[in-house]
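Asker: Listed below are the residues making up each chain.
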Amino acid sequence: MCLGIPGKITSITGDLAAVDFGGVSREVSLLLCPEVREGDYVLVHVGFAIQRLEEREALETLALFKEMERGWDEEDGDR
Amino acid sequence: MRKMETDETRIASLVKEIPELLDGGFRAMEVCGTHTVSIFRSGIRSLLPESVDLISGPGCPVCVTPVGEIDKAVNLAHRKDVVILTFGDLMRVPGSTSSLSLARAEGSDVRIITSPLDTLAIAQAEPGKKAVFFAVGFETTSPAIAASVREARAKGIENLFILSSLRLIPPALRALLSSKKLALDGFLLPGHVSVIIGAAPYSFLVREFAIGGVITGFEALDILEGVSMLLRQKKEARAAIEIQYRRAVKEGGNPRALGIMDEVFMPVDASWRGLGTIPDSGLALREEFRGMDAAQAFDIPYEEVDDPPGCRCGEVLQGLIRPPECPLFGTRCTPQYPVGPCMVSSEGSCAAFYRYGALR
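Residue numbers (the working numbering), protein chains in the order written: chain V, 53 to 131; chain W, 709 to 1068.
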């Protein structure tokens, strides 16, 4: 599934970033988006940042994702 | 709160505006399965006039993978020296006699991964085994897989192999339109595929078929905006590729991701469920990475296999019928006991229709 989840980069070590998804932190590869910096919002797909997002727009999407989470029972292995 | 109110106002004004833009019937295809699910979840179909017909397309990677390719993965899973790695949505897709999920229940080593980078760690932890990554996905996923292949090569990992069922969206759209089975006024183009490829690869839609498309995001507001942009094109008698999902999609896509994908993979002819073989619509490892190609490393015959008897998934994927028109829908074929992949994948049209009780 081509799901893309927006999150905020909290730290970067080499090719890897810690990304905060509304309170949950995950390690994300920056191999496809090497130019991003700490504090940037990125769109994440299968553990990779695939695009940098503008902050205001990312926050809007995050609000909507929260809403979706309430109704969406995640199925095993959705990506 | 203020933001939600703004969205609600915008949605209300679009719902009012859309009928005013309509001039007779209008039929658009939402290419991406994630769009299909979002359209149902948000109740958009009930907000649109009945003459706006949104039909689902071939944008569910699991659904378009033909039975013969599932069989290849299941055959490999039966080997004692192999561990199969795959995304979870493939597990229950039926092959001709079994599925990866059943193979695992029978003792095969089949593991679900959430990132292609997981495959490296598993291969390293299982030096006595051959780790085979059954890779299914579109342009959204392929660059991440390509980057992982490069990493595996750089780390000298020799027991990781790729069984590629990766596919490309634009050639499938060309095949759909060339078949001339379907009359369309426009496409809602897939947002996250387009994050990678940008807008240019769709320009042939306008040039060769005089059909426009709008690259659309996944929220209710995005989809309504996408529909209204398409209606406006029709009303103004023009066809163009436009981007609604501006917050994530750039004209040129993600050049870095495209570069890595191109370095590792090359386009090859590929077979799609329902659509048959489409030229240059799949991805295979390039010569330099052939050592990691499961198709070369293992002797796995590919057999073209018919879809299960009665299953009309192939027509659903081309937008030729709606899921409830299939005689198996909701009777012999349900999400719990799926016959075809469109009922297995959570983003398959049949699963979406079933889940949201849609009968038309």
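Check each hint, because a few of them may be wrong.
[Claimed, not checked] Here are the computed lysine to any residue pairs in the SDA-like style, where the Cα-Cα straight-line distance is at most 25 angstroms: (1) W:LYS889 / V:GLY66; (2) W:LYS863 / V:GLY66; (3) W:LYS958 / V:LEU68; (4) W:LYS788 / W:GLY751; (5) W:LYS958 / V:ASP92; (6) W:LYS863 / V:ARG108; (7) W:LYS958 / V:PRO86; (8) W:LYS863 / V:ASP92; (9) W:LYS889 / W:LYS863; (10) W:LYS724 / W:LEU762; (11) W:LYS889 / W:ILE763; (12) W:LYS788 / W:LEU722; (13) W:LYS863 / V:ASP72; (14) W:LYS863 / V:GLY91; (15) W:LYS942 / W:LYS788; (16) W:LYS958 / V:GLY75; (17) W:LYS863 / V:ALA70; (18) W:LYS863 / V:GLY74; (19) W:LYS889 / W:ALA948; (20) W:LYS837 / W:ASP817.
[As the list claims (entries may be wrong)] Below, a sample of chain W positions facing chain V; criterion: calculated Cβ distance under 10 angstroms: (21) LEU756; (22) GLU847; (23) ALA908.
[What the hints assert, rightly or not] Label-pair restraints from in silico Cβ distances: (24) W:GLY1065 / V:SER77: 36 to 44 angstroms; (25) W:ALA908 / V:PRO86: 20 to 28 angstroms; (26) W:GLU995 / V:ALA70: 31 to 39 angstroms.
Derived by calculation from the structure, the hints in this document are not laboratory data.
Each residue gets a CB set at the ideal place from its N, CA and C atoms; glycine is no exception.
Asker: Taking the numbered hints from earlier one at a time, note which ones the structure violates and give those numbers from smallest to largest.
Answerer: Hints 1, 4, 6, 8, 9, 12, 13, 14, 15, 16, 18, 21 and 23 are the ones this structure does not satisfy, whereas the remaining hints hold.
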